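Undergrad: Dock chain B against chain A, hints included.
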Amino acid sequence: ILNVEQSPQSLHVQEGDSTNFTCSFPSSNFYALHWYRWETAKSPEALFVMTLNGDEKKKGRISATLNTKEGYSYLYIKGSQPEDSATYLCAFGSNYGGSQGNLIFGKGTKLSVKP
Amino acid sequence: NAGVTQTPKFQVLKTGQSMTLQCAQDMNHEYMSWYRQDPGMGLRLIHYSVGAGITDQGEVPNGYNVSRSTTEDFPLRLLSAAPSQTSVYFCASSYSSLGDTEAFFGQGTRLTVV
Chain A
1 ILNVEQSPQS LHVQEGDSTN FTCSFPSSNF YALHWYRWET AKSPEALFVM
51 TLNGDEKKKG RISATLNTKE GYSYLYIKGS QPEDSATYLC AFGSNYGGSQ
101 GNLIFGKGTK LSVKP
Chain B
1001 NAGVTQTPKF QVLKTGQSMT LQCAQDMNHE YMSWYRQDPG MGLRLIHYSV
1051 GAGITDQGEV PNGYNVSRST TEDFPLRLLS AAPSQTSVYF CASSYSSLGD
1101 TEAFFGQGTR LTVV
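Chains A and B supply the protein sequences, listed in that same order.
With the numbering used here applied, the first sequence covers 1 to 115.
With the numbering used here applied, the second sequence covers 1001 to 1114.
Hints were generated in silico from the structure; no laboratory data involved.
Predicted model, so just to flag it, every value in this text is computed and none were measured.
Glycine included, each C-beta is placed from N, C-alpha and C at the ideal position.
A partial selection of chain A residues facing chain B, derived with a Cβ cut-off under 10 Å:
#	residue
1	Pro44
2	Val49
3	Leu89
4	Gly93
Covered by chain A, per the in silico footprint, the following chain B stretches (three or more residues, Cβ under 8 Å):
#	segment
5	1027 to 1040
6	1044 to 1050
So here's chain A without its partners, still in its complex pose (with noise of 0.2 Å):
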């Protein structure tokens, strides 16, 4: 069974200081990696994807890296505002077996930011 793992599990910060996230991922079979906002009460909306090793994506303060061969994923976010408050879950799609349009999510890293 594909396990991804995220860490941590949970974070506090004060508003304006920057933070960062990992994702870690077989590095066997890998397809692409994804990383999702999820937000209390709401649905998951997507962040990134990510498909090619050293993809570096950025969406205003938010930043992602992408490491396939050691099987690892960073999400950066660049002086944190009480509104980044969320749960930030990553996904890992494989070519391996079955339809690899399958993704195996990780339990998530609850971000809270004071202000």
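TA: Coordinates of chain B only, in the frame set by chain A:
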């Protein structure tokens, strides 16, 4: 621009009852899926479909049925509800069935089985 529409938002069932969770997308997406979210666990795949007429099992399919008669609709049926099926359910769709395009999620259904 509806995206993925999932109904109902909340449901309480008695053990043994059956029900259908509805999911529809208007983006002409090829791939559709159902997940369940339980405390302390990641989203787990129940069933998925790579196109109309094609469905397959995910990680936790027992007790659930799906069908995909049209590209737009992907209902999830609980055959005989059990307390272990108390969970939050999400329907999702994506353009590609290869996993390299973002997933769009419905608003979720909070199901309680008593």
